[in-house]
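Chains A and B, in that order, are what the protein sequence lines are.
Position 199, counted from 1, in the first sequence is what the working numbering calls 199; the numbers after and before it change by one each time, with no gaps.
Position 202, counted from 1, in the second sequence is what the working numbering calls 202; the numbers after and before it change by one each time, with no gaps.
Please note that the accuracy of each hint is not assured.
Said to hold, decoys possible - With beta-carbon atoms standing in for the labels, derived distance ranges:
| # | chain 1 | residue 1 | chain 2 | residue 2 | range |
| --- | --- | --- | --- | --- | --- |
| 1 | B | E212 | A | K357 | 55 to 65 Å |
| 2 | B | P231 | A | T140 | 52 to 62 Å |
| 3 | B | L215 | A | T95 | 43 to 53 Å |
| 4 | A | K357 | B | A309 | 45 to 55 Å |
| 5 | B | L215 | A | P164 | 41 to 51 Å |
| 6 | A | V50 | B | P231 | 40 to 50 Å |
| 7 | B | F68 | A | Q141 | 34 to 44 Å |
| 8 | A | L152 | B | A319 | 55 to 65 Å |
The hints are simulated quantities; they were obtained by calculation from the structure and are not laboratory data.
Backbone N, C-alpha and C define an ideal beta-carbon position, used for all residues, glycine too.
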Amino acid sequence: MSGNDLTPGSLTPDERAESDTLLHAALAGGKLPRWATAASGLAGLVLAMVLNVLTSVDGVAGTLVVAVIIYVLVQTVWSFRVEGRRHSIDRLATTGIYATFLIALAPLVAVLATVIVKGFSVLSLNFLMTSMRNVDPNSTQGGVYHALIGTLEQVGIAALIGVPLGILTAVYLVEYAPDAKNRRLARSVSFFVDVMTGVPSVVVGLFVYTAFVLTLGMERSGFAASIALMILMLPVVVRSTEEMLRIVPRDLREAAYALGIPKWRTVLKVVLRTAMSGIITGAMLAIARVAGETAPLLLTTFFTTSINFNPFKGPQAALPTFIWDQFNTGTPAAVDRAWGAALVLILLVMILYLGAKLIARFTGVKRV
Amino acid sequence: MSTTLEPSSTPSAPTSTIRGSSVRAGDRVFRGLSRGSGILILVTMAAIAVFLIVKAIPSLQANTANFFTTQQWTPDAKPAYFGIAALTFGTLMTSAIAMLLAVPVGIGIALFIAHYASRRLAAALGFVTDLLAAVPSIIFGMWGIQFLTPQLKGFDEWLATYLGFIPLFRNDTGVYTRSILNAGIILAIMILPTISAITREVFLQVPRAHIEASLALGATRWEMVRQAIFPFARPGMISASMLGLGRALGETIAVALMLSAIYTINWQITEPGGITFASNIALKWNEAGTIGISALIASGLVLFVITLAVNMGARIIIARRSEFSGAN
Numbered sequence: 001m002s003g004n005d006l007t008p009g010s011l012t013p014d015e016r017a018e019s020d021t022l023l024h025a026a027l028a029g030g031k032l033p034r035w036a037t038a039a040s041g042l043a044g045l046v047l048a049m050v051l052n053v054l055t056s057v058d059g060v061a062g063t064l065v066v067a068v069i070i071y072v073l074v075q076t077v078w079s080f081r082v083e084g085r086r087h088s089i090d091r092l093a094t095t096g097i098y099a100t101f102l103i104a105l106a107p108l109v110a111v112l113a114t115v116i117v118k119g120f121s122v123l124s125l126n127f128l129m130t131s132m133r134n135v136d137p138n139s140t141q142g143g144v145y146h147a148l149i150g151t152l153e154q155v156g157i158a159a160l161i162g163v164p165l166g167i168l169t170a171v172y173l174v175e176y177a178p179d180a181k182n183r184r185l186a187r188s189v190s191f192f193v194d195v196m197t198g199v200p201s202v203v204v205g206l207f208v209y210t211a212f213v214l215t216l217g218m219e220r221s222g223f224a225a226s227i228a229l230m231i232l233m234l235p236v237v238v239r240s241t242e243e244m245l246r247i248v249p250r251d252l253r254e255a256a257y258a259l260g261i262p263k264w265r266t267v268l269k270v271v272l273r274t275a276m277s278g279i280i281t282g283a284m285l286a287i288a289r290v291a292g293e294t295a296p297l298l299l300t301t302f303f304t305t306s307i308n309f310n311p312f313k314g315p316q317a318a319l320p321t322f323i324w325d326q327f328n329t330g331t332p333a334a335v336d337r338a339w340g341a342a343l344v345l346i347l348l349v350m351i352l353y354l355g356a357k358l359i360a361r362f363t364g365v366k367r368v
Numbered sequence: 001m002s003t004t005l006e007p008s009s010t011p012s013a014p015t016s017t018i019r020g021s022s023v024r025a026g027d028r029v030f031r032g033l034s035r036g037s038g039i040l041i042l043v044t045m046a047a048i049a050v051f052l053i054v055k056a057i058p059s060l061q062a063n064t065a066n067f068f069t070t071q072q073w074t075p076d077a078k079p080a081y082f083g084i085a086a087l088t089f090g091t092l093m094t095s096a097i098a099m100l101l102a103v104p105v106g107i108g109i110a111l112f113i114a115h116y117a118s119r120r121l122a123a124a125l126g127f128v129t130d131l132l133a134a135v136p137s138i139i140f141g142m143w144g145i146q147f148l149t150p151q152l153k154g155f156d157e158w159l160a161t162y163l164g165f166i167p168l169f170r171n172d173t174g175v176y177t178r179s180i181l182n183a184g185i186i187l188a189i190m191i192l193p194t195i196s197a198i199t200r201e202v203f204l205q206v207p208r209a210h211i212e213a214s215l216a217l218g219a220t221r222w223e224m225v226r227q228a229i230f231p232f233a234r235p236g237m238i239s240a241s242m243l244g245l246g247r248a249l250g251e252t253i254a255v256a257l258m259l260s261a262i263y264t265i266n267w268q269i270t271e272p273g274g275i276t277f278a279s280n281i282a283l284k285w286n287e288a289g290t291i292g293i294s295a296l297i298a299s300g301l302v303l304f305v306i307t308l309a310v311n312m313g314a315r316i317i318i319a320r321r322s323e324f325s326g327a328n
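So that you can see chain A by itself, here it is in the shape it has in the complex:
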């Protein structure tokens, strides 16, 4: 039968390969070989090096820039000749998008490398366990103990107030608002939670200063800073908790109601408990976000070089204000201390951050 003659099985391997190539050529048009990208890259690099020797193009950065330009030109023109306009544009776009990937990576690597290299030379147990009391700016003595205490206390108090408030707000938005008669309140709360994420931290600092220090007569203290940090973390906690509550299956709630359990107990014992790991993750991320805030602390606390355990009274240092103070002091020893404190701060933030991600990964509510 003629039909059988056309099935691939009746062709020899050579014939099949030939017909495949013909078919492909007819349907897909010209195509650059697989090694085209590597070849253009190599051409760019070699040409740039030649130019480096022959002309005024010099330095590693300059040569690399020229190499990239040549690479893009070679690939685009080559592709344009063989594959046509549309595919050459596609290749150009792909190169651009891959380039953004490197651009994103470069600053992070550079920042982390700088902080680790500069900070590690200062970091020691002594650095962590001494304050700056009576330390000369030029001396290499002194450390971050007082600032570490301040940061832990201020951020701790902020979390102690901010996390429950945030969770309650999220509970309102997810559990109570949908049944309420007046939806307008819920909608405006939801809207302003979003808007609140965008309020600059320095404005929050100004607000706490005007409302609590100027109007209510509270002194500039660690607690005033806690209030500012609490306001900053609140919307983040609300949003992340809300997201977690929404993925708790309806069945769980209804099973609890069917057993006659009142709504508030259902929310506390079933919904919140189910979403707990996700909520903790969100809260830790929010804490990590505010732990490095500098501007609100500058406005709401007085800086000190001494240890102060009491966040409610007197000046209290914190890691960000310590860095700010030491960096602006400007002596080599002080700048070194600033980098050391930066390393401590970044370690603190990263531990919170990675811890949150690990919790989310291993215990999270599985999305359905």
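Fit chain B to the given chain A structure using the hints.
Frame of chain A, contents of chain B only:
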């Protein structure tokens, strides 16, 4: 958990009516608490506006200069003389540079993560950009002034030498540090995660069918991106950029370290200079007197209004988008 379920799961008829009232009380308390926290957020937002306005008034009354058109900032002089012209210029210019650099790159990263990279690489890169968001701004500031600025010197000089015929890039000082351009570049790095994270979310929501339909018609990958992804994701891209803008406008410490606090409007952005609303507040706070503090609060109020407008705009665009996306 079963221990908490058992007592209330077997109520007899008479006790349930008695317990009913106490149950309702517990519910009322809990609902009240959670509703109260929601209302507290609204109250906080309102209080921010009210307190800033009230405390800004004394300086505005004492001011002998035009608040909006004066560049000088001497609120504690007698008579007080200050205005926000230089602050507005510095804030808008650094943010504009940041947007110009960060929006295309942020969208590129989002595209890469959502539609170009392999799954594992995408997860890793998403993690990396999130980490970038977690680096405190003071560390960006220190890194920016100590390490990035020397690295950028060559680039800035190149701009001034070869593109110096454009007034924007001309440099008459021969000094290439603490410029508006460099501050804009640091801001761009800092708002990159904001833009790419939100854009990425929107790109992932593009219906599979749109993408495959485009590819099936023979579109290259880039054509697919332009035909299927961008039209669907445009509102999301716009609002992500606006949220990034909001962050750039309010960024304080990094900018305070990167700029040289000169209170003049200077369009030559490679020269040292510039001051922004937020960095001015941080730098002048501890030396300010009563009127000085009040003047800083007045400038903070302007910043609050600007960022509020930008953020509300972004949120409204997102909200409108999420309404019609349900139909897909």
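Here is how each hint holds up against the structure:
1. B/E212 / A/K357: 55 to 65 Å: violated (32 Å)
2. B/P231 / A/T140: 52 to 62 Å: The hint (52 to 62 Å, Cβ to Cβ) holds, given that B/P231 and A/T140 are roughly 60 Å apart.
3. B/L215 / A/T95: 43 to 53 Å: violated (20 Å)
4. A/K357 / B/A309: 45 to 55 Å: violated (34 Å)
5. B/L215 / A/P164: 41 to 51 Å: Cβ of B/L215 to Cβ of A/P164: about 49 Å, so the range 41 to 51 Å holds.
6. A/V50 / B/P231: 40 to 50 Å: Hint holds: Cβ distance 45 Å, inside 40 to 50 Å.
7. B/F68 / A/Q141: 34 to 44 Å: For A/Q141 against B/F68, whose Cβ atoms are near 50 Å apart, the range 34 to 44 Å is violated.
8. A/L152 / B/A319: 55 to 65 Å: Violated, at about 38 Å.
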